[in-house]
Amino acid sequence: MNCVRWQRLVALYVGDDLDRSRTAGVEQHLSTCPSCRDLEHDLRSDRLHLQDLDAAAAGGLELGSVRGAVMAKIVNRRKRSLMFSQPRLLSALAMVVVVIALALVMRQSTGPDAPRTVSRQSPSPASGVPVVPEQRDIPLPQPTPDFVPPIPNSTDTRLTRAETSLSALSTSSPPPAPAEPMTIKILTDDPEVVIYWIVDPKGDKEYV
Amino acid sequence: MVGAPAAIPDMLALVVATTEDLGLVERARAGDDAAFGELVSEHEKTVLRTAWRLVGNAEDARDIAQEVFLRLHRTLGRLDPKRGVGAWLYRVTVNLALTALRKRKRHPESSLENIVRRAAGGIERLEQERRTDAADARRLLAPVLEKLTGKERAAVILRDLEGLDMKAVAHALGCRQVTVRSYLSRGRLKMRNAVTGPGGPP
Chain A
1 MNCVRWQRLV ALYVGDDLDR SRTAGVEQHL STCPSCRDLE HDLRSDRLHL
51 QDLDAAAAGG LELGSVRGAV MAKIVNRRKR SLMFSQPRLL SALAMVVVVI
101 ALALVMRQST GPDAPRTVSR QSPSPASGVP VVPEQRDIPL PQPTPDFVPP
151 IPNSTDTRLT RAETSLSALS TSSPPPAPAE PMTIKILTDD PEVVIYWIVD
201 PKGDKEYV
Chain B
1001 MVGAPAAIPD MLALVVATTE DLGLVERARA GDDAAFGELV SEHEKTVLRT
1051 AWRLVGNAED ARDIAQEVFL RLHRTLGRLD PKRGVGAWLY RVTVNLALTA
1101 LRKRKRHPES SLENIVRRAA GGIERLEQER RTDAADARRL LAPVLEKLTG
1151 KERAAVILRD LEGLDMKAVA HALGCRQVTV RSYLSRGRLK MRNAVTGPGG
1201 PP
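Keeping their order, the protein sequence lines are chains A and B.
Per the numbering used here, the first sequence starts with residue 1, numbered consecutively.
Per the numbering used here, the second sequence starts with residue 1001, numbered consecutively.
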């Protein structure tokens, strides 16, 4: 082992920081190495000098006391935590309850599950395609003024998303007029005679 | 622990201090502020001195000591009574001081901050200290300790100045005893070089 490695051990030896086996090895080396012996002497004196210096430096130092400051901070922290845990917590809880209640009310009135006020009318049997029983004198059915034709299927692929939303918005308004003419099939006694009554809902044109 | 006479072996002093602290810790856990105050009084000098030795600055040492005791108060319920309050205090003090040293290294104080600090501390007091032996000793001690890394400094201070045994130093530094030996060896040799080197004190 060279002296550099011995020096590391000597630095521990001066502070009694080596185990017995290493201590014996260092002592044996010191008995034969004058430079390491000098180092040991210097390190011991350094250690003593450090302690003297430290004692002198600490002796003239006024570090004061931290007890008062620590206790004041603890009391303040406790007060703050109490303030938060008692009335503030309660008011926060009340706020949460109010917000939840408001959200529920809003959801009931406007939510997706809410019943729609859609006045979509399905075609009544009277307004649909009437099947006239076999009678000789068949009074021709007169279109009623409040006739509501069936609404075109909302799943029509021709409708874009915007159109769909527009139609959803306008569900509460009266249904729009049908774009296609309505055809009424009238049966007569003669099976070979069938009357088709075509009504153009946009206008007053009728074709028989 | 540290306040014990030097004749008492380190570990025995540690055990004695732990036994004395146990009652205070139990009372403090139950919410007795007076007991916690006694605990602070018992250990504040040790914590302040250790912090000051590590950071070399009285104001920083006071800040560290306050934080140490506030953390002690927060962790009273989780404190391991077998290890004792003293060992815990040393560990937290060393950790906070090393953190402060690292911060200082990253953000060295500007000259303006030094001026403000001097004004706050009182130039008169500084002038008075400058004439004392204590101030001379601090001026000699500071450059020697500054040659050491934070962990080397902590190991040397705890072992050579505070008189803790290897096990306690290892616990305070949060490392193994073999690592502490490495810190001690390097630290003592660096101090020797600082004394004899060109940059060392006369």
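Everything labelled a hint here was simulated from the structure, so no lab data went into it.
Bear in mind the structure is a predicted one, so any value in this text is a computation, not a measurement.
Even for Gly, the Cβ is constructed at its ideal location relative to N, Cα and C.
You may find that some hints are simply not true.
When the alpha-carbon atoms are kept at most 25 angstroms apart in a straight line, the in silico DMTMM-like pairs for lysine to aspartate or glutamate are as follows [to be verified]:
| # | chain 1 | residue 1 | chain 2 | residue 2 |
| --- | --- | --- | --- | --- |
| 1 | B | K1103 | B | D1165 |
| 2 | B | K1190 | A | E62 |
| 3 | B | K1147 | A | E192 |
| 4 | B | K1103 | B | D1080 |
| 5 | A | K79 | B | D1063 |
| 6 | A | K79 | B | D1165 |
| 7 | A | K185 | B | E1059 |
| 8 | B | K1190 | A | E27 |
| 9 | B | K1190 | A | D42 |
| 10 | A | K73 | B | D1033 |
| 11 | B | K1147 | B | D1060 |
| 12 | B | K1045 | B | D1080 |
| 13 | B | K1147 | A | E27 |
| 14 | B | K1190 | A | D19 |
| 15 | B | K1045 | A | D54 |
| 16 | B | K1151 | A | E27 |
| 17 | A | K73 | B | E1146 |
| 18 | B | K1045 | A | D42 |
| 19 | B | K1105 | A | D54 |
| 20 | A | K79 | A | E62 |
| 21 | B | K1045 | B | D1060 |
| 22 | B | K1190 | A | D200 |
| 23 | B | K1105 | B | D1080 |
| 24 | A | K73 | B | D1165 |
| 25 | B | K1167 | A | D16 |
| 26 | B | K1151 | B | E1038 |
Simulated DEER-style distance windows between Cβ atoms [stated by the list, open to error]:
| # | chain 1 | residue 1 | chain 2 | residue 2 | range |
| --- | --- | --- | --- | --- | --- |
| 27 | B | G1023 | A | V75 | 46 to 52 angstroms |
| 28 | A | V75 | B | T1179 | 50 to 56 angstroms |
| 29 | A | R107 | B | C1175 | 21 to 27 angstroms |
Far from chain A, some chain B residues (derived; all Cβ distances over 12 angstroms) [said to hold, decoys possible]:
| # | residue |
| --- | --- |
| 30 | L1022 |
| 31 | G1023 |
| 32 | F1036 |
| 33 | V1040 |
| 34 | E1044 |
| 35 | R1049 |
| 36 | F1069 |
| 37 | H1073 |
| 38 | G1077 |
| 39 | L1098 |
| 40 | T1099 |
Okay, the hints, checked on the actual structure:
Distance check on the hinted pair: K1103/B and D1165/B sit about 29 angstroms apart at the alpha-carbon level, beyond 25 angstroms; violated. Proximity of K1190/B to E62/A is assessed by CA-CA distance (about 29 angstroms); at most 25 angstroms being required, the pair is judged violated. In summary, the hint linking K1147/B to E192/A is not supported, as the alpha carbons are separated by about 120 angstroms, beyond the 25 angstroms threshold. Straight-line distance between C-alpha atoms of K1103/B and D1080/B comes to about 30 angstroms, which puts the hinted pair past the 25 angstroms bound.
A distance of roughly 22 angstroms separates the Cα atoms of K79/A and D1063/B; the hinted pair therefore holds under the 25 angstroms criterion. A C-alpha spacing of about 41 angstroms is found between K79/A and D1165/B, which places the hinted pair above 25 angstroms, so the restraint is violated. Proposed proximity of K185/A and E1059/B is contradicted: the alpha carbons are some 104 angstroms apart, above 25 angstroms. With a CA separation close to 22 angstroms, the supplied pair K1190/B and E27/A stays within the 25 angstroms bound.
Restraint check for K1190/B and D42/A: the C-alpha separation of about 12 angstroms stays at or below 25 angstroms, so the hint holds. Proximity of K73/A to D1033/B is assessed by CA-CA distance (about 12 angstroms); at most 25 angstroms being required, the pair is judged to hold. Under the criterion of a C-alpha separation no larger than 25 angstroms, the hint pairing K1147/B with D1060/B is consistent with the structure, at around 20 angstroms. Proposed proximity of K1045/B and D1080/B is supported: the alpha carbons are some 22 angstroms apart, at most 25 angstroms.
For the hint linking K1147/B to E27/A, the alpha-carbon distance of about 29 angstroms lies beyond 25 angstroms, and the restraint is violated. Taking the CA atoms of K1190/B and D19/A, the gap is near 23 angstroms; set against the 25 angstroms cutoff, the hint holds. Taken as a hint, the K1045/B and D54/A pair is honoured in the structure, with Cα atoms around 14 angstroms apart against an allowance of 25 angstroms. In summary, the hint linking K1151/B to E27/A is not supported, as the alpha carbons are separated by about 28 angstroms, beyond the 25 angstroms threshold.
Distance check on the hinted pair: K73/A and E1146/B sit about 33 angstroms apart at the alpha-carbon level, beyond 25 angstroms; violated. Note on K1045/B and D42/A: the hinted pairing is violated, with a Cα-Cα distance of about 31 angstroms set against a maximum of 25 angstroms. A threshold of 25 angstroms between alpha carbons decides the hint, and for K1105/B with D54/A the separation of about 23 angstroms falls inside it, so the pair holds. Taking the CA atoms of K79/A and E62/A, the gap is near 31 angstroms; set against the 25 angstroms cutoff, the hint is violated.
Between the alpha carbons of K1045/B and D1060/B the distance comes to roughly 14 angstroms, so the proposed pair stays at or under 25 angstroms and holds. Restraint check for K1190/B and D200/A: not satisfied, since their Cα atoms lie roughly 108 angstroms apart, outside the 25 angstroms limit. At roughly 33 angstroms between alpha-carbon atoms, K1105/B and D1080/B are farther apart than 25 angstroms, so this suggested pair is violated. With a C-alpha separation of about 34 angstroms, the suggested pairing of K73/A with D1165/B is violated against the 25 angstroms cut-off.
Annotation: proposed proximity of K1167/B to D16/A holds, straight-line Cα distance about 13 angstroms (limit 25 angstroms). Taking the CA atoms of K1151/B and E1038/B, the gap is about 30 angstroms. The hint is violated against a cut of 25 angstroms. For G1023/B and V75/A, the hinted distance range of 46 to 52 angstroms is not satisfied, since their beta carbons lie about 22 angstroms from each other. Roughly 41 angstroms separates the CB atoms of V75/A and T1179/B, a value that falls outside the hinted 50 to 56 angstroms.
Restraint check, R107/A to C1175/B: a C-beta distance of roughly 59 angstroms breaks the suggested window 21 to 27 angstroms. L1022/B, annotated as away from the interface, keeps every beta carbon of chain A farther than 12 angstroms; the closest lies near 20 angstroms. Separation of G1023/B from chain A is adequate, the least Cβ-Cβ distance of about 18 angstroms exceeding the 12 angstroms criterion. The claim that F1036/B lies off the interface is violated: its Cβ sits roughly 7 angstroms from the closest Cβ of chain A, which falls inside the 12 angstroms cut-off.
Look at V1040/B: its CB is around 5 angstroms from the nearest CB on chain A, not clear of 12 angstroms, so calling it non-interface is violated. Its beta-carbon lying about 5 angstroms from the closest one in chain A, E1044/B breaks the requirement of being farther than 12 angstroms from that chain. With a least beta-carbon separation of about 6 angstroms from chain A, R1049/B fails to lie farther than 12 angstroms from that chain, contradicting its non-interface assignment. A beta-carbon of chain A is positioned within 12 angstroms of the beta-carbon of F1069/B; the least distance is around 4 angstroms.
Interface exclusion of H1073/B from chain A breaks down, the closest Cβ pair being 6 angstroms apart, not more than 12 angstroms. With a least beta-carbon separation of about 14 angstroms from chain A, G1077/B lies farther than 12 angstroms from that chain, consistent with its non-interface assignment. The non-interface label for L1098/B is consistent with chain A: the shortest C-beta to C-beta separation is roughly 19 angstroms, beyond 12 angstroms. Non-interface status of T1099/B relative to chain A is upheld: no Cβ of that chain comes within 12 angstroms, the nearest being about 18 angstroms off.
Hints 1, 2, 3, 4, 6, 7, 13, 16, 17, 18, 20, 22, 23, 24, 26, 27, 28, 29, 32, 33, 34, 35, 36 and 37 from the list above are not met by this structure, while the remaining hints are.
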